[in-house]
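Participant: Listed below are the residues making up each chain.
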Amino acid sequence: MLLEVEDLSVSYRTGRDSVRAVRGISFQIGAGGTLAFAGESGSGKSTVALSLLRLLPASATMTGTVRFRGESLLDVNWEMVRAVRWAGASIVFQGAMSALNPVRTIGQQIREPILLHERVGERAARIRTAELLDAVGVSEGRAGSYPHELSGGQRQRVMIAMALACRPNLVIADEPTTALDVIVQAQILNLLTDLVRDTQIGMIMISHDLSVLAETCDRMAIMYAGRIIETGPSRDMIRRPLHPYTRALAQAFPRIGDPGSRLAPAGLAGDPPDLRQDIDGCAFAPRCDVSFGDCTTHPIELWPSGERRESACLRALPDFANRLPDPAAVAEDAS
Amino acid sequence: MSTPILEIRDLRVTYRPQRRRRAARAVDQVNLSIGSGEIVALIGESGCGKSTLARALVGLVKPTGGEIRYDGKPLGYHTSALRRYRRNVQLVLQDPGGALNPRQNVFDAVAEGPRLHGLRSDLNRRVYGALERAGIRPPENFVARYPHELSGGQQQRVVIAGALALEPSVIVADEPVSSLDASVRGEILRLILDLRRDLGLSALVVSHDLGLAWNIADRVAVMYLGRIVESGPVGDILLHPRHPYTQALIAVLPDAERTVRPKLLGGEPPDPTMIPRGCRFHPRCARRAAYDGKDPRTELCTSTEVPVLAAQGLAGEMVACHLADVDTPVEVPVDE
Numbered sequence: 037m038l039l040e041v042e043d044l045s046v047s048y049r050t051g052r053d054s055v056r057a058v059r060g061i062s063f064q065i066g067a068g069g070t071l072a073f074a075g076e077s078g079s080g081k082s083t084v085a086l087s088l089l090r091l092l093p094a095s096a097t098m099t100g101t102v103r104f105r106g107e108s109l110l111d112v113n114w115e116m117v118r119a120v121r122w123a124g125a126s127i128v129f130q131g132a133m134s135a136l137n138p139v140r141t142i143g144q145q146i147r148e149p150i151l152l153h154e155r156v157g158e159r160a161a162r163i164r165t166a167e168l169l170d171a172v173g174v175s176e177g178r179a180g181s182y183p184h185e186l187s188g189g190q191r192q193r194v195m196i197a198m199a200l201a202c203r204p205n206l207v208i209a210d211e212p213t214t215a216l217d218v219i220v221q222a223q224i225l226n227l228l229t230d231l232v233r234d235t236q237i238g239m240i241m242i243s244h245d246l247s248v249l250a251e252t253c254d255r256m257a258i259m260y261a262g263r264i265i266e267t268g269p270s271r272d273m274i275r276r277p278l279h280p281y282t283r284a285l286a287q288a289f290p291r292i293g294d295p296g297s298r299l300a301p302a303g304l305a306g307d308p309p310d311l312r313q314d315i316d317g318c319a320f321a322p323r324c325d326v327s328f329g330d331c332t333t334h335p336i337e338l339w340p341s342g343e344r345r346e347s348a349c350l351r352a353l354p355d356f357a358n359r360l361p362d363p364a365a366v367a368e369d370a371s
Numbered sequence: 469m470s471t472p473i474l475e476i477r478d479l480r481v482t483y484r485p486q487r488r489r490r491a492a493r494a495v496d497q498v499n500l501s502i503g504s505g506e507i508v509a510l511i512g513e514s515g516c517g518k519s520t521l522a523r524a525l526v527g528l529v530k531p532t533g534g535e536i537r538y539d540g541k542p543l544g545y546h547t548s549a550l551r552r553y554r555r556n557v558q559l560v561l562q563d564p565g566g567a568l569n570p571r572q573n574v575f576d577a578v579a580e581g582p583r584l585h586g587l588r589s590d591l592n593r594r595v596y597g598a599l600e601r602a603g604i605r606p607p608e609n610f611v612a613r614y615p616h617e618l619s620g621g622q623q624q625r626v627v628i629a630g631a632l633a634l635e636p637s638v639i640v641a642d643e644p645v646s647s648l649d650a651s652v653r654g655e656i657l658r659l660i661l662d663l664r665r666d667l668g669l670s671a672l673v674v675s676h677d678l679g680l681a682w683n684i685a686d687r688v689a690v691m692y693l694g695r696i697v698e699s700g701p702v703g704d705i706l707l708h709p710r711h712p713y714t715q716a717l718i719a720v721l722p723d724a725e726r727t728v729r730p731k732l733l734g735g736e737p738p739d740p741t742m743i744p745r746g747c748r749f750h751p752r753c754a755r756r757a758a759y760d761g762k763d764p765r766t767e768l769c770t771s772t773e774v775p776v777l778a779a780q781g782l783a784g785e786m787v788a789c790h791l792a793d794v795d796t797p798v799e800v801p802v803d804e
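Protein chains in written order, with the numbering used here: chain A, 37 to 371; chain B, 469 to 804.
Do not rely on the hints blindly, as some may be mistaken.
On the chain A side, residues computed to face chain B include the following (Cβ under 7 Å) [said to hold, decoys possible]:
{"no.": "1", "residue": "THR50"}
{"no.": "2", "residue": "GLY51"}
{"no.": "3", "residue": "HIS184"}
{"no.": "4", "residue": "ALA222"}
{"no.": "5", "residue": "LEU227"}
{"no.": "6", "residue": "LEU231"}
{"no.": "7", "residue": "ARG271"}
{"no.": "8", "residue": "PHE289"}
{"no.": "9", "residue": "GLY303"}
Since the hints were derived computationally from the structure, they do not count as laboratory data.
C-beta atoms are modelled at their ideal positions from N, C-alpha and C, and glycine is treated no differently.
Only chain A is shown next, with the shape it has when bound in the complex:
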C-alpha cells in the first residue's frame, strides 16, 4: 500500500476553542491509485491534504496513523518528513499565482527541489527541468520566464512540473483547476490523467466539483464536517449518489441537456455545523431534506451500501432503508 491513513483527526487551536476540522477518517491508496476528496469549504478536505505531508500550522494537532510506503509519518523526525516531501509525495496547490515565487524564474523554481533532493549538479538539474517542462506542455524556452509572464494555465502546468520534479510516488492536487477556464481546465485534467496512467503515480485530488473529480479519479470520498460520509467508485457515486449530501453536491453543477436543472439551479440551504462543538448523530441532518427523528440521535458510521461502496446515511441500514422523512423536514423544504 502506498498510503494508509487510519483514524486521522486534526484540530486547530483558536484562542480558548479547539476546532475539530478532521474527525477520524481512514482511507488508503495503492500505487497508481487515484482518490478524490470532495466537500464544501470547511469540510476538512484541504486539512487532510496538508496533514499527509505535515504541512499544518503549529496550532494544529494530529492524531491517528499516516503510513507512507509502510513508514509512519506522524512520529518520524523532520528530516524524514522533508525527504518524503517532494521525493515521496508532493502537492500541487490551488492558485498557482500565489504559490509561485514572483521574483524567481520558473526554471530556478523547478531546479530548486531537484538540487536539494537529488544530489545532482546544476547541468543535470537543467536537463531535468527541460524534460519536466516538456512533459507538462510548456516550451523549455520558458524556463527563463517569471510567473507573471505566463498565463494561468501555464502557471498551473509549472506547478505540476515542480510537483513531479523529484519523481514522487504520490501527487496531491488541491483544487488544481479552480479559477481556470473550461478549456484550460480540460487541458490540465488530461495532463494529470495521462501522468497517472503513464507513470503509475498515485494521486489524491481535492475539489468541490464532482464532475471534475469523476473524470480523473477512480474512487471518491465525500467529506462533511470533518468526516467521510460516502465513498465508492467515482462514476457509480455520481450516477447513484446515496447520501443526500452527495446528491446535493452532484446536482450543484448541472449537466447541460438535463431538463431537471434548466432554469432550476440546485442549491443547498443552510450552513455546515460549528466544528468547535460535539456533533450527535448525523452532522448533515439539519440541512437534509429527507431526515427523520433517529438521524440526530443514532450513532453514525460508514456502513456498506453497495459494491465497494459505503455511506454514512442511516438509510444504508436495512432497519431504516424505507423510512420516510419527517413531515417537518419536508414542509421546510417546500417553503
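Dock chain B against the given chain A, drawing on the hints supplied.
Facilitator: Just chain B now, with coordinates in the frame of chain A:
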C-alpha cells in the same frame, strides 16, 4: 421577449498602448440587447473581453466607439447622466470577499450606493428591504456584522443587496458564483431567478461557466476575442451549437458519462493585441482544419472577416462562421 431595456450597438473598447505596444481591442464591435425581465448569459474565456464589456455597460469604462442605450435613450458620459444611469443599471462584482470593505459593516456596505445618490430619507427601509430581498434574513441580525463574520454565500448576498438598494431595473453580474462553494452556487443563482420573478429585474450574467447559462439564462451570447461569435436561446445554442468555438467549449465540460475524450482547442490563447486576419478564430478552428482544401470557402476563413452579428432578433439564433452549415469533427476516442 419584450422590447430591449438595454441595447449595446457596435460597442468598441480599445485599451491604448503603453510604450509603443499594440492597442488591445478588448471589445471589438459588439451588438447585444437585453429584454425587460430577460436574463442573458455572456460566456467566454479569460481575456475575451467579457469583463470589459460588463464594465462598459455600467459606465465604468468609456467606450471607444458605439453606444449603449437604456430604455431607448443613448447613455451620455457626463456626471449627472452617468449617475442617473447607474441607479438603473447596477454591477455585482465577482469575488465578494474582495468587493466588500473589511472595515465596513453590512449596513454601511449596502447603504453606500443610496448615500452616494443622496437617498438618505428612507435609508433604513432601503437597506433592510434590499437585504431581505437578497435573502439575508432577518436583516436586523446581520446589519452590524463585518464581512469576516459572514460565510462566502452571505457575503455574495450582501454584495447583491448593495446593488438592489438602488432599486435598479438591470443588474450586470460578473462571475457571480465562480468563487463560491458548489452548495452555495445554486442558492445564489436561484436568488437571481427569484429577483427576476419578483421584481421583473433584467440581468446580464458574465461567466466562463456554460452550466450557469443552462441554470438561469434565457439567452446566451458566446464571446471570442472581443466579439460575439454565436448567440441565441439557451436551449438551441447549448444543445445544438453551430460555431466551432461554442462546440469546443461544450465538448470539454467534465462529464463522468463520457466515453470519448474531447478534442481540445489547440493554438495560443487569444490575445486582443493580435487579432488574426479573416475570421478571428481561424488559427484554432477544427472545422476550418477539417475542410481545408475540400471546401473552397475555407479561403474566406483566412482572408475575409466574418460579418458582425446584429443585435436584432431577440429570439433568433445567430452564428458568425463562414462554414456555419457544415459539421465539425469534435471528438476523438479516449483511448486513442
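Participant: It remains to establish, for every hint, whether it holds in the given structure.
Facilitator: The hints, checked one at a time:
A cut of 7 Å between beta carbons decides the hint on THR50/A: the least distance to chain B is about 13 Å, and the hint is violated. Hint status for GLY51/A: violated, given a least beta-carbon distance of 15 Å to chain B, over 7 Å. Taking 7 Å as the C-beta contact cut-off toward chain B, the hint placing HIS184/A at the interface is violated, the least distance being around 15 Å. The beta carbon of ALA222/A is positioned within 7 Å of a beta carbon in chain B (closest approach about 4 Å), and the interface hint is therefore held.
The restraint placing LEU227/A at the interface with chain B is violated, with a minimum CB-CB distance near 10 Å, outside the 7 Å limit. Among the interface hints, the one on LEU231/A is violated; its C-beta lies about 15 Å from the nearest C-beta in chain B, farther than the 7 Å criterion. Satisfaction of the interface hint for ARG271/A is found here, the shortest Cβ-Cβ separation to chain B being roughly 5 Å, below the 7 Å cut-off. At about 5 Å, the closest approach between the beta carbon of PHE289/A and any beta carbon in chain B falls short of 7 Å, and the interface hint on this residue holds.
A distance limit of 7 Å between C-beta atoms decides the matter here; for GLY303/A the minimum to chain B is near 3 Å, and the interface restraint holds.
The structure is inconsistent with the numbered hints 1, 2, 3, 5 and 6, although it conforms to all the rest.
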